[in-house]
Amino acid sequence: MASLEDRVQLLEDIEAIRRLKIKYARLCDTGYDGTKLAALFTEDAVWDGGKEFGVQNGRGAIKAMFDDMSNDLTFALHYMIGHTIDVDPSGTSAKAHWYLWEPMTYQGRAILNAITYDDEHRKVDGEWLFSRMALTFHFLTPYEDGWVKTRMVTDG
Amino acid sequence: MPSERTVEQRLQRLEDIAAVRQLKHTYAKLMDAGLCHENKAWPDDRFLALFADDAIWESNVHGRHEGREALRALFAGWAARITFAKHHTIAPSIDIAPSGAEASGHWYTWETITADGQPIWLAATYNDDFVKRDRRWLIKHVRSNIQFRSPYHQGWAAEAPLPQMGA
Amino acid sequence: MSIEDRIRTLEEIEAVRRVLAAVGATCDAPYDGAAFAGHFTEDGVMDLMEMGVYTGRAAIQEFIDGMRARVPFTMHYWDGYAIDVDGAEATATWYGFETPNLNGTAHLGGLTHDATLKKIEGCWMVTRLGQQLHFMTPYDKGWVRQRVTDQTA
Chain Z
77 MASLEDRVQL
87 LEDIEAIRRL
97 KIKYARLCDT
107 GYDGTKLAAL
117 FTEDAVWDGG
127 KEFGVQNGRG
137 AIKAMFDDMS
147 NDLTFALHYM
157 IGHTIDVDPS
167 GTSAKAHWYL
177 WEPMTYQGRA
187 ILNAITYDDE
197 HRKVDGEWLF
207 SRMALTFHFL
217 TPYEDGWVKT
227 RMVTDG
Chain F
218 MPSERTVEQR
228 LQRLEDIAAV
238 RQLKHTYAKL
248 MDAGLCHENK
258 AWPDDRFLAL
268 FADDAIWESN
278 VHGRHEGREA
288 LRALFAGWAA
298 RITFAKHHTI
308 APSIDIAPSG
318 AEASGHWYTW
328 ETITADGQPI
338 WLAATYNDDF
348 VKRDRRWLIK
358 HVRSNIQFRS
368 PYHQGWAAEA
378 PLPQMGA
Chain B
2 MSIEDRIRTL
12 EEIEAVRRVL
22 AAVGATCDAP
32 YDGAAFAGHF
42 TEDGVMDLME
52 MGVYTGRAAI
62 QEFIDGMRAR
72 VPFTMHYWDG
82 YAIDVDGAEA
92 TATWYGFETP
102 NLNGTAHLGG
112 LTHDATLKKI
122 EGCWMVTRLG
132 QQLHFMTPYD
142 KGWVRQRVTD
152 QTA
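Chains as they are written, first to last, in this note's numbering: chain Z, 77 to 232; chain F, 218 to 384; chain B, 2 to 154.
Just to be clear, a hint being listed does not mean it is correct.
[To be verified] The calculated lysine to aspartate or glutamate pairs, modelled on DMTMM-like cross-linking and capped at a C-alpha distance of 25 Å, are:
id : chain 1 : residue 1 : chain 2 : residue 2
1  : Z       : Lys199    : Z       : Glu128
2  : Z       : Lys225    : F       : Glu255
3  : Z       : Lys199    : B       : Glu99
4  : F       : Lys257    : F       : Asp333
5  : Z       : Lys127    : Z       : Glu196
6  : F       : Lys349    : B       : Glu15
7  : Z       : Lys127    : F       : Asp333
8  : B       : Lys142    : Z       : Glu196
[Unchecked claim] Chain F residues, not near chain B, derived (Cβ > 12 Å throughout):
id : residue
9  : Arg227
10 : Arg230
11 : Cys253
12 : Glu255
13 : Asp261
14 : Ile273
15 : Arg289
16 : Ala293
17 : Arg298
18 : Thr306
19 : Ala308
20 : Ile311
21 : Asp351
[What the hints assert, rightly or not] Covered by chain B, according to a simulated footprint, are these stretches of chain Z (three or more residues, beta-carbon under 8 Å):
id : stretch
22 : 82-92
23 : 96-107
24 : 154-163
25 : 178-191
Calculated directly from the structure, the hints in this document are not laboratory data. Quick reminder that beta carbons are idealized off the backbone N, C-alpha and C, glycines included.
Required output: the full structure, derived from the provided sequences and hints.
Quick look at the structure:
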């Protein structure tokens with residue numbers, strides 16, 4: 077049986093990782109500040125947007141991607157939903173799963189986005205960071221169409 | 218928090234809340250993984266293992282289904298019609314009973330579904346019971362109160378309200 | 002910080018989350034203005050920006066009960082909480098998604114919220130609740146064609 081200290085630490089880690097994800101959402105929704113967003117990732121982190129949005133390797137590439145994001149993506153609300161957060165017994169890495177519900181405006185069009193995230197985390201100098209964020213797009217549909225008519229706007 | 222509870226008991230309660238929250242998320246995640254074009258063999262044992270043997274699943278629309286085999290049949294019926302689902306299951310409010318062996322939880326779910334080839338919005342609340350057996354939390358009773366199930370292009374104001382179950 | 006203090010912090014975060022969940026649920030149809038306002042301090046403030054500022058339990062209750070006539074149906078999907086507890090005071094921010102029936106038309110609403118709370122006699126009470134409305138659009142239009150439908154009309 078883990079000690080009281082270890083058990084409290086685990087719950088604190090889960091809360092910290094939850095807060096990290098919400099912080100990510102808030103930064104996305106207030107103008108995609110690339111510097112602040114990149115600071116949530118480890119130096120060697122991977123942002124994996126799949127075949128639709130490509131893979132960014134390293135904090136520098138992730139910063140550059142977010143710096144460009146608000147040119148086309150002029151409005152978004154990232155509803156981070158649910159989550160399982162499993163902290164490794166070492167207490168220095170973790171995996172998380174989240175749903176995202178995201179109404180957004182992309183190139184002047186209203187778009188509904190449904191994603192699930194598979195995140196990986198590392199604790200660096202006492203702070204939890206994203207070491208990998210992998211997105212699975214379930215639909216990215218023009219609002220007028222819905223996900224049956226147009227599942228992925230990128231297909232068109 | 219009553220002061221007569223030990224530090225250990227208070228910690229245990231927080232751990233149980235976290236475990237029940239993760240269990241419900243896993244329920245949504247595995248259901249959505251099952252309700253898709255590619256998966257013809259759902260519900261699988263991994264999903265059904267989230268439920269107690271004598272679990273009940275009921276809703277104001279689907280009626281009451283008791284026991285794991287009844288649940289299997291219910292979910293298989295959905296899998297035959299639903300080719301896409303995302304259960305965005307949010308706002309957990311979880312109570313652990315003083316015994317530490319039972320819990321209840323309330324959630325909202327905002328679902329985007331494709332049923333019989335048509336896109337549907339579904340809004341519901343869950344009022345669920347959980348039981349801890351062999352140190353593992355299991356779903357004991359799902360009560361889903363569906364507020365609306367509306368075609369995407371019609372919206373939810375055009376329909377008469379669905380009758381609601383009591384808690 | 003002692004183990005006991007660390008557990009207390011986690012308990013308080015959970016307790017604040019629970020209070021805010023109850024606040025959200027009581028402003029769903031069919032609306033319970035008394036229960037909703039009961040989570041506020043006597044001089045609590047609800048700042049809905051373009052929809053007005055309501056000060057004190059009585060004014061808050063009246064606004065929520067008045068929803069019954071204006072908005073026959075809605076649900077408040079509240080989540081994504083960031084809660085900070087400092088002794089007997091707490092602050093929270095979160096996301097809200099709503100599905101009201103306004104003027105006979107289904108709407109989608111996208112909001113963010115913030116609150117300050119105070120622990121009084123063992124209960125977390127809301128001293129201020131704020132909201133930022135990002136869109137409130139008819140389901141068949143979307144937030145680009147019509148960002149906000151006036152709810153006060």
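How the hints compare with the structure:
1. Distance hint between Lys199(Z) and Glu128(Z) is unfulfilled; the C-alpha atoms sit about 29 Å from each other, more than 25 Å.
2. About 19 Å separates the Cα atoms of Lys225(Z) and Glu255(F), which keeps this hinted pair within 25 Å; it holds.
3. Restraint check: the Cα-Cα separation between Lys199(Z) and Glu99(B) comes to about 36 Å, which exceeds 25 Å; the hinted pair is violated.
4. A threshold of 25 Å between alpha carbons decides the hint, and for Lys257(F) with Asp333(F) the separation of about 15 Å falls inside it, so the pair holds.
5. For the given pair, Lys127(Z) sits about 19 Å from Glu196(Z) by alpha-carbon distance, which is consistent with the 25 Å threshold.
6. Between Lys349(F) and Glu15(B) the CA atoms are separated by roughly 21 Å; this keeps the pair inside 25 Å, and the hint holds.
7. This hinted pair does not check out: Lys127(Z) and Asp333(F) have alpha carbons roughly 28 Å apart, beyond 25 Å.
8. Of the supplied pair hints, the one linking Lys142(B) and Glu196(Z) is violated, its CA atoms being roughly 37 Å apart against a limit of 25 Å.
9. Under the 12 Å C-beta cut-off, the non-interface status given to Arg227(F) relative to chain B is violated; the minimum distance is some 5 Å.
10. Not every CB of chain B lies more than 12 Å from the CB of Arg230(F), the least distance being 8 Å, so the non-interface label is violated.
11. The beta carbon of Cys253(F) is kept farther than 12 Å from every beta carbon of chain B, the shortest such distance being approximately 23 Å.
12. No Cβ of chain B comes within 12 Å of the Cβ of Glu255(F); the nearest lies about 29 Å off, and the non-interface call holds.
13. Look at Asp261(F): its CB is around 28 Å from the nearest CB on chain B, clear of 12 Å, so calling it non-interface holds up.
14. Separation of Ile273(F) from chain B is adequate, the least Cβ-Cβ distance of about 23 Å exceeding the 12 Å criterion.
15. No beta-carbon of chain B comes within 12 Å of the beta-carbon of Arg289(F); the shortest separation is about 30 Å.
16. In this structure Ala293(F) is separated from chain B by more than 12 Å, as the shortest Cβ-Cβ distance comes to about 29 Å.
17. Listed as a non-interface residue, Arg298(F) keeps its Cβ farther than 12 Å from every Cβ of chain B; the least gap is roughly 23 Å.
18. Against chain B, the non-interface label of Thr306(F) is violated: not every CB pair exceeds 12 Å, the least being about 9 Å.
19. With a minimum CB-CB distance of about 5 Å to chain B, Ala308(F) fails to clear the 12 Å threshold, and the non-interface call is violated.
20. Against the 12 Å criterion, Ile311(F) falls within the reach of chain B, whose nearest CB is about 8 Å from its own CB.
21. The beta carbon of Asp351(F) sits about 25 Å from the closest Cβ of chain B, which is more than 12 Å, so the claim that it is off the interface holds.
22. For the stretch 82-92 of chain Z, the proposed coverage by chain B is satisfied: 4 residues have a C-beta within less than 8 Å of a C-beta in that chain, meeting the threshold of three.
23. Residues of the stretch 96-107 of chain Z lying with their CB closer than 8 Å to a CB of chain B number 5, which satisfies the three-residue condition for coverage.
24. Coverage of a stretch by a chain is defined here by at least three residues with a beta carbon nearer than 8 Å to that chain's beta carbons; for the stretch 154-163 of chain Z and chain B the count is 4, and the condition holds.
25. With 5 residues carrying a beta carbon less than 8 Å from a beta carbon of chain B, the stretch 178-191 of chain Z meets the three-residue requirement, and the given coverage holds.
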